[in-house]
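Asker: These protein sequences, in sequence, are chains D and F. Read in order, the letters of the first sequence correspond to residues 1334 to 1426 in my numbering. Read in order, the letters of the second sequence correspond to residues 3 to 358 in my numbering.
Since the hints were made in silico from the structure, they are not lab data. All values derive from a computational prediction rather than experimental measurement. One thing to keep in mind: the hints can contain errors.
Using C-beta positions, here's what the derived DEER-type ranges look like [as the list claims (entries may be wrong)]:
{"no.": "1", "chain 1": "D", "residue 1": "PHE1377", "chain 2": "F", "residue 2": "PRO297", "range": "53 to 63 Å"}
{"no.": "2", "chain 1": "F", "residue 1": "TYR159", "chain 2": "D", "residue 2": "SER1373", "range": "40 to 50 Å"}
{"no.": "3", "chain 1": "F", "residue 1": "GLY217", "chain 2": "D", "residue 2": "SER1413", "range": "51 to 61 Å"}
{"no.": "4", "chain 1": "D", "residue 1": "SER1413", "chain 2": "F", "residue 2": "ALA306", "range": "20 to 30 Å"}
All residues carry an ideal CB built from backbone N, CA and C; glycine is no exception.
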Amino acid sequence: MSEIILHSPIGKESYFDPDITPISTPRGGKVAFLFNGHVSVLPFWNNLESQIKSVLEPTETMQIVKPNTFAPASSEAIESLSSADLAIVGVCA
Amino acid sequence: MDITDPVSVNNLEDAHELMYDLGWTDGLPVIPPTTKLVNAVLEHLNRDPQEIIGIVPPKNRIASIEKIAINCVMAGCKPQHVPVVIAALEGLLEDSFNLNGVQATTNCVAPLTIVSGPIVDELNFNYGDNVFGGGSRSSAVVGRAVRLILWNLGGGYPGEIDRATIGHPGKYTFCIAEDPHNNPWESIHEEMGFSKDTSCASVFACEAPHHIATGSGYILSATDILKVIADSTATAGSSTMNGGGQILLVIGPMTAQKLSSEGYNKERIRKELAQLAVKPVGLMKSNQFLNPGHPFHWASIVDANDDKAMVPALREPEKLLIAVAGGWGSGSGFCAVTHGWMEAGGHLQTREIKNP
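Okay, chain D solo, but in the shape it has when bound:
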């Protein structure tokens, strides 16, 4: 029996516009985290924070924890992010 060719249903990924300038990596600066603090996602955020600390070695970190996915952060909390060199904001869950 001759071989059967199967065409892949998976498409090539479209990459973002190469003209977009990546942000610089702020080593040694202040890093802020704003995220959903529900118990189901804490392991993810704790792991991410740990990884970022090991890579960026920030001198200072700031955590703003929302009670759940759909609880908006206060405007004061969002404003306070401006004091950081890099703010990592979790969207939805």
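Based on these hints, arrange chain F on the given structure of chain D.
Answerer: Structure of chain F alone, referenced to chain D:
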């Protein structure tokens, strides 16, 4: 090996297992996308195989005509089904549909395709008995092709980017047709501005359908029918009750005829259900799904301190989508309601089906 490249096997038995191993399907078996079958679709479409219909989120893989054809073959489509799938995909890729969110949300919603117009009869889509179930190849394979595209091009893999916690069976295939013969009102595509003679595919991200026994064959009052539908629509745990958005009401032909005979059109049904489908603030406060500060939360339109005030399931009457479909049944007058994904996205989009 590039995962987008063809692979070869020595026999069909190996083909089936290899497609599972490569992650080309979500668990259900698929048709091997051979050169002969894929070419048959491409010849029917008579379009450049590299023409891009769009980028499918969240993996952002390119939906070329060729890749769409391959997924359609795997779903069991005949070539003439593929323009329906393309129309549905065009609707899904409209920015305001927020397919990225629909694919990734923890909510259970899945895109439902609703086919309407002359193509319903031409390709035997199911608009009658068991409309959300099996029985029609066209309904089954179009819904299945949409799902495989969301899987293989969108990369909506459960536990990875698809974070749905419960999901629903419509994530395998989810396609119905509107009844072209027993609908006393305009079909959805006519409401969206297309002519009655135009065939269209509409998409709406929604939960699994909830069955409603209205008893419309045994009772006399349209008001009673709407009360029953309203109570089945307004439930404290539904996402739309908490966060607004669209709701699809599928009205069986018996109930549609009954309502129409009493002078009801879609506008009147929407208006009355918007008033009837409510729950008291005192109950809704028990649900902490959304924080009251959230922009979708009902507290933005109802006084949260008045426990007797009523929270509407439909923030505006126009949020109710109405399709006539399903069998005649007995006198039970079955209907179904399915809630959307709040104001977050998945809102109705309708596109013309363009045959070659």
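Asker: Each hint should be assessed against the structure and marked as holding or not.
Answerer: Here is how each hint holds up against the structure:
1. PHE1377/D to PRO297/F: 53 to 63 Å: violated (25 Å)
2. TYR159/F to SER1373/D: 40 to 50 Å: violated (19 Å)
3. GLY217/F to SER1413/D: 51 to 61 Å: Holds - the Cβ-Cβ distance for GLY217/F and SER1413/D, about 58 Å, lies within 51 to 61 Å.
4. SER1413/D to ALA306/F: 20 to 30 Å: The hint (20 to 30 Å, Cβ to Cβ) holds, given that SER1413/D and ALA306/F are roughly 28 Å apart.
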